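**Student:** Sequence:
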Amino acid sequence: MRPSRMRERRTGWVPVWLAVCLVAGPAVAQDRPVADLETREEQAFKEASAVVAPAVVRIQTVGGLDRVGRVLTGTAATTGVVVSPDGYVISSAFNFVSRPASVLVTLSDGRRFPAKIVANDRAKMVTLLKIEAAGLAVPKMAPRDGFRVGQWAIAMGRTYESPLPNLSVGIISALNRIWGRALQTDAKISPANYGGPLVDIQGRVIGVLVPLSQRQAGRTAGVEWYDSGIGFAIPMADILATLPRLKSGKDLLPGLMGITLKAGDVYASAAVIDRVRFNSPAEKSGLQPGDVIASVDGQVIKRLVQVRHALGNKYAGETITVLVKRGEKSVEQKIELTGKLEPYTPTFLGLLPVRKKQGEVSKGVTVRGVLPESPASKAMILPGDRVVQLDDKAVVDTAGLFDVISRRRVGAEVKVHVDRGGAKRTLTAKLAVVPSQVPAVLESDVIVAPDPKPADLPKTGRFNQDLEGHDHSFWAYVPETYNPAHGYGLVVWIHPGSDTMEADIHDLWKPICDERGLILVGPRAKNIAGWSLNEAGFIEALVQEMQQKYRIDSRRVVLHSYSDGCRFSFHLAFKYRSLFRGVAASSEPLRLAPPENRPDLRLQFFLSCGDKDNLHRLVQRTRTRLAAMKFPVVLTTVPGEGHSYPPIPVLDAIARWIDMLDRI
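Just add 51 to wherever you are in the sequence shown, counting from 1, and you've got the numbering used here.
These are computed hints drawn from the structure, not numbers from a lab.
None of the values given here were measured: they were computed from a predicted structure.
Among the clues, some could well be false.
Here are the simulated BS3-like cross-link-like pairs (lysine-lysine), alpha carbons at most 30 Å apart as the crow flies [as the list claims (entries may be wrong)]: (1) Lys429 with Lys681; (2) Lys600 with Lys444; (3) Lys408 with Lys380; (4) Lys429 with Lys466; (5) Lys391 with Lys414; (6) Lys365 with Lys407.
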C-alpha cells in the first residue's frame with residue numbers, strides 16, 4: 052500500500068469505520084489487521100524521522116537575486132543536514148542560487164547561527180556550510196549497498212518554525228539515476244525540502260534531496276520536477292566520501308575528458324568516439340575519433356550509457372585509465388580529467404546550400420549563395436558551383452559537408468573541390484568564425500505551390516487546435532502555398548506573460564512566412580500569466596507534432612520570444628539541444644550562465660533590444676556571455692525604442708537570419 056495515498060484515504064476513514072461498526076461487526080474485525088498494519092507503519096515513520104530530526108536544520112537566506120532564469124528563488128526557508136558535530140551542514144546548491152548576502156542556520160533546538168558557504172560540489176549539486184557550533188547531532192548513514200527499489204523512503208524538511216520536521220513518505224523508485232550520481236524517490240520533493248535528508252525506516256540517512264536533470268546541468272536544473280513524484284537524492288555515503296575535500300574550501304567540478312560519442316541507442320550502441328575536443332585531456336592523451344572505449348578504470352564498457360555512468364562520479368583533477376580498441380590494437384591511456392574545456396568555436400566557410408526537394412538525389416552540395424566577405428567569397432566559390440570534395444573527404448550532402456567543416460579549427464586552410472559547369476576546380480579557403488552580422492540583402496529560396504494540390508495536404512492558413520495528449524492548445528500559420536516537396540523552417544512563438552499577442556504576431560509574420568518558406572506555431576501557456584518549467588514537454592511534443600505533419604527543415608527550427616517569454620525560450624533551447632537551432636529573443640536578457648557550446652548541436656542567437664529599454668545593458672551583457680562561450684550571436688539595437696516588440700526592419704533581419712541558419 053502506498054504511504055502517500057494511505058494518508059489521503061485516512062482523512063475520511065475514521066467516521067466511516069464508526070458507522071460500519073454499528074451494522075457489521077464481523078466485517079470490521081476482518082479489517083482490523085489492515086488498520087493495525089497502517090498504524091504500525093505510520094508509527095515507524097514517525098520514529099524513524101524522530102531519530103534524524105535533531106540533525107535537520109532550517110536554512111534562511113537574506114538578500115540576493117529574486118529570480119534566476121525562469122525560477123523564482125524567493126526568501127522561504129529551506130533545509131540542511133548536519134554532517135559533523137563541529138558545525139558542518141550539507142544542503143542543496145539550489146538553495147543558494149540567488150547568491151544571498153547572508154545565510155542563517157537554525158538548529159532543531161531553536162538556536163540560530165550565521166553560516167558561511169565553504170564549498171560546492173557542482174557535480175552532485177550540494178553545498179557545504181559552516182556554523183560556529185559544537186556537539187551537534189549527526190545522523191547515521193544508510194550503507195549504499197543496502198539500497199533497494201521499493202524500500203520505504205521518508206523525505207524530511209524543516210521549513211517552518213516547528214519542533215517537528217515536515218515529512219513526505221514514499222519509496223525508492225530507482226537506483227543509479229543521473230549517470231550514477233543519485234537515486235530516485237516518489238516521495239514529494241519541492242524547494243521546501245531541497246537539502247533535507249531522505250531517510251530509511253530505521254532512521255538512517257539514505258541521501259540528501261536535490262533537484263537534478265539528466266538533460267541539463269546547473270543549480271536550477273530539475274526544479275520543474277517538484278511535487279511530481281520524481282525526486283532525487285545524492286547518497287549520503289558519496290557526500291561523506293568527498294567531505295574532506297569540500298572542507299578544504301575548494302569547489303568540486305565534474306570531471307571532463309573532452310570527447311563526443313557517436314550518436315546511437317545509448318543502451319545498445321558501442322561507445323565509439325566521434326569527436327575529440329581541441330586541447331582537451333582526451334586529445335592530449337592521444338585518443339582519436341573512431342576509437343571504441345572498452346573500459347574505464349577496469350569497468351567493462353559495451354554500451355554508450357556505461358561511459359556516462361563510469362564518469363558520473365569522477366571529479367576534475369582525478370586520473371582515470373581508459374582502454375580503447377583502435378582497429379586490431381588495444382590502447383590504454385591515463386587521463387587527468389579537467390573541470391573546464393576550451394569552448395568549441397564553430398567554423399565558417401560562407402556557403403548557402405541549395406535545399407534539395409523531397410526525393411531529389413544528387414551527390415555533392417550545390418551552392419545557392421555565397422555570403423559577402425566570407426572565406427568562400429575570398430576563395431572565389433560561386434553560386435551554382437557543386438562542392439564534391441573537401442580536402443580528402445568526399446562530399447555527399449549538406450550534412451556531410453557541415454560535419455567535415457565543423458571538425459576543422461578556425462584559421463585552417465581547406466581545399467574545396469568544386470564542379471563548375473562540368474569543369475573541376477580546386478580552391479583554397481581559410482576557415483573563419485561565424486560572423487555576428489546579418490546581410491542586408493538575402494534572396495529567398497523560391498517555393499512554388501504544388502500543382503495539382505495533393506488530396507492529403509495537411510492544414511494550411513491560420514488555425515487553432517488542441518494538442519492530443521496534452522491539456523494545451525496552440526495556433527499556427529502555414530502558407531497557403533505549402534508544398535510538401537520543400538523543407539520549411541519552423542518558428543515557435545513563445546508569448547510573454549499575460550498576452551499571447553496572437554493577432555499581432557500573425558499579421559506581422561504572415562508575409563514573412565509566405566516569402567521565406569516558414570511555418571509559424573504559437574503554443575499557449577496553461578496559465579496566461581506566464582509559462583512554467585513543467586510545460587517544456589508540451590513544447591517538445593508540439594514541435595514533434597509539426598514535424599510529423601509537415602516537412603520541417605531541422606536546421607531551421609527556431610524559438611522566437613519577447614520580454615519575459617524569452618526566459619522560457621532560453622530554457623527550452625538549452626534543454627532540447629537536438630531540437631532547436633536558434634533563438635530570436637527580444638527585450639530580455641539571459642539570466643543564467645549559458646552551457647557549453649557543442650560542435651554536434653549547433654545553436655545560434657539573434658538578440659534585439661531598444662536602446663531606451665532599461666534592460667538594454669543586460670541584453671548587451673547576454674551577447675558578451677554567449678560570445679564568450681563561442682555561440683554565434685547577433686545583437687541588434689533599435690534606436691529610440693524602449694521595451695517593445697521589434698519593428699518590421701528588425702523582423703526582416705530575423706527572417707534573413709533564420710534563412711541562413713543552414714549556412715556552412
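**Student:** If a hint holds in the structure, say so; if it doesn't, say that too.
**Tutor:** Status of each hint after checking the structure:
no.: 1; hint: Lys429 with Lys681; verdict: holds (23 Å)
no.: 2; hint: Lys600 with Lys444; verdict: violated (35 Å)
no.: 3; hint: Lys408 with Lys380; verdict: violated (44 Å)
no.: 4; hint: Lys429 with Lys466; verdict: holds (13 Å)
no.: 5; hint: Lys391 with Lys414; verdict: violated (40 Å)
no.: 6; hint: Lys365 with Lys407; verdict: violated (45 Å)
Going down the numbered hints, you'll see the structure goes against 2, 3, 5, 6, while the others check out.
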